[in-house]
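**Student:** Chain by chain, the residues run as shown.
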Amino acid sequence: MIEVSHISKRFGHRLVLEDVSFYVEKGEILGFLGPNGAGKTTTMRILTGFLPPNSGTVRIGGYDIQKEPLKVKRLLGYLPEHNPLYTEMTVRDYLFFVAETKGVERPNRKTQVNETIERCGLREVASRLIGHLSKGYRQRIGMAQALIGDPEVLILDEPTIGLDPKQILEIRQLIKELAGKKTIILSTHILPEVSMTCTRALIINKGRVVAEDALDNLTYTRGVSISVRANPQTLLSTLNSIDGVKRVAIEDEKEGIVRASIETGQEVRAKIAYKIIQNGWELFEMTPLRASLEESFVRLVTEEEGQ
Amino acid sequence: MKNIYFLAKKELKIYFYSPIAYSVAFMFLLIAGYFFYSDVLYFSLISLQARSGFMGLDITDWVIRPLLGNMSVVLLLILPLLTMRLFAEERRQGSLELLLTYPLRDIELVLGKFFGCLAVYALMLAFTIPYPIILYLLGRTDISPFFTGYLGIFLMGSAFIALGLFISSLTESQIVAAVITFGLSLLFWIINWATHFTGPPLSKILEAISIITHFEDFMKGIIDTAHIIFYLSFISLCLFLTLRVLESRRIRG
Chain F
535 MIEVSHISKR FGHRLVLEDV SFYVEKGEIL GFLGPNGAGK TTTMRILTGF LPPNSGTVRI
595 GGYDIQKEPL KVKRLLGYLP EHNPLYTEMT VRDYLFFVAE TKGVERPNRK TQVNETIERC
655 GLREVASRLI GHLSKGYRQR IGMAQALIGD PEVLILDEPT IGLDPKQILE IRQLIKELAG
715 KKTIILSTHI LPEVSMTCTR ALIINKGRVV AEDALDNLTY TRGVSISVRA NPQTLLSTLN
775 SIDGVKRVAI EDEKEGIVRA SIETGQEVRA KIAYKIIQNG WELFEMTPLR ASLEESFVRL
835 VTEEEGQ
Chain C
240 MKNIYFLAKK ELKIYFYSPI AYSVAFMFLL IAGYFFYSDV LYFSLISLQA RSGFMGLDIT
300 DWVIRPLLGN MSVVLLLILP LLTMRLFAEE RRQGSLELLL TYPLRDIELV LGKFFGCLAV
360 YALMLAFTIP YPIILYLLGR TDISPFFTGY LGIFLMGSAF IALGLFISSL TESQIVAAVI
420 TFGLSLLFWI INWATHFTGP PLSKILEAIS IITHFEDFMK GIIDTAHIIF YLSFISLCLF
480 LTLRVLESRR IRG
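In order, the protein sequences belong to chains F and C. In the numbering used here, each residue carries its 1-based index in the first sequence increased by 534. In the numbering used here, each residue carries its 1-based index in the second sequence increased by 239.
Worth flagging that the hints you see were computed from the coordinates, not collected in a lab. Where is the CB? At the ideal position from N, CA and C, for every residue including glycine. Do not rely on the hints blindly, as some may be mistaken.
[As the list claims (entries may be wrong)] To give an idea of the interface, some chain F residues facing chain C are shown, with a C-beta separation under 7 Å as derived from the structure:
id, residue
1, Gly-590
2, Arg-608
3, Phe-818
[Stated by the list, open to error] Chain F is faced by these chain C residues, among others (derived, beta-carbon under 10 Å):
id, residue
4, Tyr-256
5, Ser-257
6, Ile-259
7, Tyr-261
8, Ser-262
9, Met-266
10, Glu-329
11, Glu-336
12, Thr-340
Excised from the complex, chain C in its bound form (with noise of 0.2 Å):
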């Protein structure tokens, strides 16, 4: 356990000495920031517009939604940034050898590179917690569908962390794994748009693997347990790769 917190703590550190973590985390804040400023203000503007008030007009639907769905749009454009290093550039430089001689097992070491990674997300999520403080102060209305909103935005980050986690192991090169993972990523995003054409049992597995289905309702305010065991059973099942990866390294040589 130790082990996965030194580990960790040296992901941070090297995210934080380059920067990397800055750029990425200040590219994301710009674009949500640009978001919840033209979302509210839309807001407002319609509703001078329909003279009764906010009669009809639900911050909801109106900020909430398409701020955390604007948010996850963009999170799915920067995280594969995020995750290209991990292991990609241990490799070239040869410092997995080393890493893999020092006394540590090839599960704290994937947990470690994961939860460092995961700890910039979460910062970086961090910084936008203003905005529903904003709103709150502004309009004295319910943001809860925030909360429930933070967590599946949380959750689906975290899927793509793991997703790009696992990528980065399959090669050397930071590029390479970065357009794998966006690649992906975006491919598990759409996969539900088949369902137009296709129909059951296919466009029921396609729903349910997509990961957007699963963010849907998290931005209502709902939160079912069916969504965090996908989400947990995708991280899990890209840990577990990435984990099978190494050790098929130490065999094949």
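Just chain F, same shape as in the assembly (with noise of 0.2 Å):
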């Protein structure tokens, strides 16, 4: 659906966006992450039309974004990092203007907005001016307003940015209802919003793709953490001998009970189950150790720094 293939983009001297190339399955949401100024914002002004790329081009359901543009805008929803909403107008009335701008037909105009504000939950703010409704309001006024004309493509910009925890489970929740039927772009760096909502995810640090993954593969098994009653000399030099076993730390002793964690090269927890059982020893726990997305994060971020 989104095809985004060896664009750069440069701001004066400074080279915002290197050779980045990625793709979107058609119902796919993709967590766009990365850390502050990396050029996630970037990346999505282009894909919205809104920014020309230097060089490299971006299709949308199979139209070039430089040379159909109307026909691109006409499958995009687009929810900017600021949702800059007309904080003179009513919601109706906004949303209205959005359907008469998106090219929604008169018949279906009305329906339709009137179903874009059940959905995003406006109703009894409807006949309101926008200026007076709370930040958790506009944010939904600003996903209505990219929903409005049904596009393919949705490209929402941090948008749970400055929301309250309550309000933030009413955007993931409106997006994950989303799930299947639209392709979604959704930058963030709060993280947990992308293992709760994306299927993939594409990490990228100053302008360059680090990593493009399913999560599970970003959220790889690095060991495992084991509670045994045995000697913690004797368990250590035990462990260690194992093939497969990286690095072995005792991280406490209670009650003769010894917790461990072991870090992994490869699967190699039913060996190490074997040997304890094999010992003799008593086995109260065994847990495999994830990377969170946190930790791939971090690490694919700051090796990229150590070059």
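Put the complex together from the two separate chains, hints included.
**Tutor:** Listed below in structure tokens is the structure:
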């Protein structure tokens, strides 16, 4: 649905994006991650046709954004980072205006505006001035605005920024409801948001793609944690002798039960369990240690900086 | 075409949901009303003193021309306040970014804003229609210069609005837009004063680009296509420049 190939963008002498390529399948939700200033917003602005790239092409729904901007724009719903709204207008008037300019035909206009108002929970504020509403409502209006015209592709730039926890949940719920129906690119620097809503993630840093993968692969297993009744020293040497174990650390020891974390290179859980039983120790607990998305993110971003 | 209408409607709504249109129109009508009142009163005073009644005194010279002239000065002061927000506010708020991702052409955006603002101006002028009606009812005289005068003042105001729209597209600050629009409008107004001490061909050129010299014939009741073409080309040039500014934003980012 979205094909970005080799786009670069510079502002003056500053290279903001360098050879960025990725694709998004129809119905997929792509989490777009990166530290502040990594080039997330610039990429999104290029995708929406607001900025032209210096080189490279963007195709959405098969149309080139540079060559057929109007056709691409008809497929797009965009929520910019600062969610600019006309504060002087009422919610309903504003959404009507959006429906008109997005080319929603007159017979459907009213129903579609009303449906969107319902869907985004805006019914009780529909006839109030946008300027008088809270941040949470405004963000929902921003979402409503993006949804009008029933676009196939949604580009959401930090949709939950500045909201309270309850409002964040509401917006996430709304995004989840759209999963499968729409192709969505969601930019954020709040990582749990990606784990909760997205199927795949793309991490960019300093204008370059540093990782692009399914979430399961980004949150890889890096080891196991065990609780065993054993002598710490013998346990340590036994575990270290297993092939595939990289590092063992004793976390603590309480009432004869030792808790240790084992960093592994490959899948050796079965071997560890077998060795423990063989030695006649009591095994209380064994849990895989998964690197969270945070850890992957920090690792990827810092690796990049170390170079 | 439909999009131009939708965009113009949005501009109108914003003008009338906020106090902008009301305050600008109120001040304009207040001052225009004062001028009308004092001009008519002054006219009746001197026509009483001139014992021969209306002989030698013409309502066109004594009421209509001063009134239209004064109204045009008020417009010079007040129209920049109407146009300053058109693009500057959209850029400051960031809503221009969103608007540019909707399936709209740049030209539709520019014309939508222009006509939206023009509609407010036309409405403002329409509220002064009672003046010629009152004059006609009281004096039973020829008020035809009023009609050409209105055409002239509408064209001149449109030129100011087009200029204001262009300046507004250059900046994010409404104040800067208003100040520059006012300054340039004034300059186009008084530029023919220099003709007193410059000889031709410069004086001819200055005369030709001055926004007020083209207005004078309208106040006398004359419709000259040259003047209409001047205003229309002035407007087209400003709208064209606005379009270029929008395009260059895109290229430079």
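**Student:** Each hint should be assessed against the structure and marked as holding or not.
**Tutor:** Outcome of the hint check:
no.: 1; hint: Gly-590; result: 14 Å, violated
no.: 2; hint: Arg-608; result: 5 Å, holds
no.: 3; hint: Phe-818; result: 56 Å, violated
no.: 4; hint: Tyr-256; result: 5 Å, holds
no.: 5; hint: Ser-257; result: 5 Å, holds
no.: 6; hint: Ile-259; result: 9 Å, holds
no.: 7; hint: Tyr-261; result: 13 Å, violated
no.: 8; hint: Ser-262; result: 14 Å, violated
no.: 9; hint: Met-266; result: 20 Å, violated
no.: 10; hint: Glu-329; result: 8 Å, holds
no.: 11; hint: Glu-336; result: 5 Å, holds
no.: 12; hint: Thr-340; result: 4 Å, holds
In this structure, the earlier hints numbered 1, 3, 7, 8, 9 are contradicted, and the remaining ones agree with it.
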